[in-house]
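Each chain, written out:
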Amino acid sequence: MKIRTGFLVLAALMAIGCGGPKEEAGGGAASGGSEAGSLQGAVSIDGSSTVFPITQALAEEFMNENRGVNVTVAESGTGGGFKKFGRGEIDITGASRPIEPSEEELCKKNGVEYLEIPIAFDGLTVVVNPKNTWAESLTVAELKKIWEPASKVNNWSQVRAGFPNKPLKLYGPGTDSGTFDYFCEAINGGKGKSRSDYTASEDDNVLVQGVAGDEGALGYFGIAYFMENKDKIRAVKIDGGEGPVEPSPETIRSGKYQPLSRPLFLYVNAKSLDKPQVKAFLEYCMDHAETLVGQVGYVALPAEAYGIGKKIVAERRTGSRFLGETAKGMKIEDVLAREK
Amino acid sequence: MSGAERYGKRLSLRGLKDALFTNLCLVATLAGIALLAILLYSVFRDGSQRLSWEFLSSYPSRFPERSGIKSALFGSLWVVVLTGLIAVPTGIAAAIYLEEFQRRRNWLTELIQVNISNLAGVPSIVYGLLGLAVFVRWMALDRSVISGALTMSLLILPMLITVSQEALKAVPDSYREGSLALGATQWQTIYRQVLPAALPGILTGVILSLSRALGETAPLILIGAVSFVRFVPESLSSSFTVLPIQIFNWTSQPQKGFQEAAAAGIIVLLVVLLSLNAAAIILRQKASRHH
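Chains as they are written, first to last, in my numbering: chain A, 1 to 340; chain B, 1001 to 1291.
One chain only, chain A, in its complex shape:
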């Protein structure tokens, strides 16, 4: 008797728990069907956490207009995204660098053909504490002196004659990050080339907190995190050989902010284009990226670029034009010229 009540209560609890979401889901589906969008089905997106805010914004707006479509966005990193993409498990992957030969190999092995669409530009931003009054700008050579693998620099006075005698503390992304890969290539001139005795975190907010609380700190990450934390940290102008340039949407768009500007891509499984909802989503992306990309802190490409993107989708133009390259120091026009 007693035991039965026990089990009954347990079962009832489970039933309640189970019934809740199902009912909810039923209601959701019904309302989805009745509203405008006749499109149905799912779009699965994965890949770079740098591209995540862009794809998230596009997915959100797209779903507001097409209630029947479920767009999911995950963030496994550029490399992690390509692993799933190469197995044909997802429709779209975001990448903060072009596809690598080994990843293309994986796609070939599994018969995955893909489209490559540039979606935005990002500028890696070198930041210091607001109390740091001396480092207005840094040259690429100085950055390299600080960050190269054998570097023993631990004081600002070692960076440039005239800088004060203050301990230098370094903050940066961990080695799994596409941002780390790109910085190594652009500053230290080689894959994974970086000193390793710095405070590393995959979570850029940790880096922001670190730099904000330490007078002698220096760190780097994508521009979106700087834009949201302008009151806590200061960006350093970068001298890539043609004088110091401040990172901003304008300097990144014009190609002046070098060599730390980088293109961001979407890679699309060509087979997924047969699904009407995926195709509709991509068309939506090309129509609305220009406004949405800026809203989430990145730099939109010129309208022409999204026109080219649309053409790539319409013509199902497969393959990469940047295979294995770092796209280092590439201006928006260069990227466009290649994709045309």
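These are calculated hints, taken from the structure and not from any lab test. We put the beta carbon where it would ideally sit given N, CA and C, even for glycine. Among the hints, a few may not be true.
Distance ranges between label pairs, derived from CB positions [said to hold, decoys possible]: (1) A:K166 with B:S1052: 42 to 52 Å; (2) B:Q1049 with A:E290: 57 to 67 Å; (3) B:L1016 with A:T175: 48 to 58 Å; (4) B:L1040 with A:T175: 31 to 41 Å; (5) B:G1257 with A:S196: 30 to 40 Å; (6) A:K193 with B:I1125: 47 to 57 Å; (7) B:F1044 with A:K166: 33 to 43 Å; (8) B:G1121 with A:G255: 52 to 62 Å; (9) A:T175 with B:D1173: 55 to 65 Å; (10) A:K109 with B:P1123: 26 to 36 Å.
Assemble chain B onto chain A, guided by the hints.
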């Protein structure tokens, strides 16, 4: 020095040691509680003003002020309920088999026993890899709620079985002997006598392991729970997200508003956990009172 003096000295020294030890234990206890209090304080300070019906009933958004936790909350409930439906009967049945039907140990049960204890110590990320290979890829269940629930079931089964076994072991043999002597079959004995007596212990195990399933993140990230979902699961094959993943995702966003949303999400997770535990305590007390 007389014996009495020496005795008095020793006595005060012993008293001192006694007090010292008591206070040490008190500090150890308070340390844990103080940390918890600090955590709760900071979470409530950041998140309480974000908590509202709207927060619970809206989907995540790129705008922090419009973000809600609905898809993660339902995703977590789906995973936990499914995990419970799969793991609880399996775990209890395994424990009954090992404790009641195979009371005389042989090499097979010995082997199973050793493996269960070993599995309980395997890091959760390994279960994620196993789930990815077996459920997502080999069984082609995809990155769905059911893959997540099956993986979580594997994760909590060792703990569930061990705790249930202990609960069954604690039932005095006189119960079984009395029941069998009255002519009950072994199944009747287990169902009517042993299980009710062991129920409070088993329930504790069930709730502890389901709480673990609720808070666990690593294996679900591996098998592909996604960060941004604007719908609740509709079937076993739906994509999903869970509370810890949603919270983690928010903490890594640049906008300050998302830190508040994350804090509010933590409160929701704590409330769900506490209600699970409260349900366990009530059930356990009911079960043991009847006995």
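| task | May I ask you to test the hint 33 to 43 Å on the CB atoms belonging to F1044 (chain B) and K166 (chain A)? | result | holds (38 Å)
| Range hint compliance [Cβ, K166 (chain A) to S1052 (chain B), 42 to 52 Å] | Between K166 (chain A) and S1052 (chain B), where Cβ atoms are some 46 Å apart, the hint holds.
| request: Could you see if the CB distance from Q1049 (chain B) to E290 (chain A) stays within 57 to 67 Å? | output: violated (35 Å)
| K193 (chain A) paired with I1125 (chain B), Cβ distance criterion 47 to 57 Å | For K193 (chain A) and I1125 (chain B) the Cβ distance comes to about 29 Å; the hint is violated.
| request: Go ahead and decide if the range 48 to 58 Å is satisfied by the Cβ distance of L1016 (chain B) to T175 (chain A). | output: holds (54 Å)
| Beta-carbon spacing of K109 (chain A) to P1123 (chain B) - inside the hinted bounds 26 to 36 Å or not | With a Cβ separation near 30 Å, K109 (chain A) and P1123 (chain B) satisfy 26 to 36 Å, so the hint holds.
| C-beta pair G1257 (chain B), S196 (chain A): status relative to the range 30 to 40 Å that was hinted | Since G1257 (chain B) and S196 (chain A) have Cβ atoms about 34 Å apart, the given range 30 to 40 Å holds.
| request: Indicate whether the distance between the beta carbons of L1040 (chain B) and T175 (chain A) respects the range 31 to 41 Å. | output: Because 35 Å falls inside the window, the suggested range holds.
| query | Does the hinted range 55 to 65 Å hold for T175 (chain A) and D1173 (chain B) at CB? | reply | Roughly 59 Å apart at Cβ, these two residues keep to the hinted range, so it holds.
| said: Tell me if the beta carbons of G1121 (chain B) and G255 (chain A) are separated by a distance inside 52 to 62 Å. | reply: holds (55 Å)
Of the numbered hints stated above, those contradicted by the structure are hints 2, 6, listed in ascending order.
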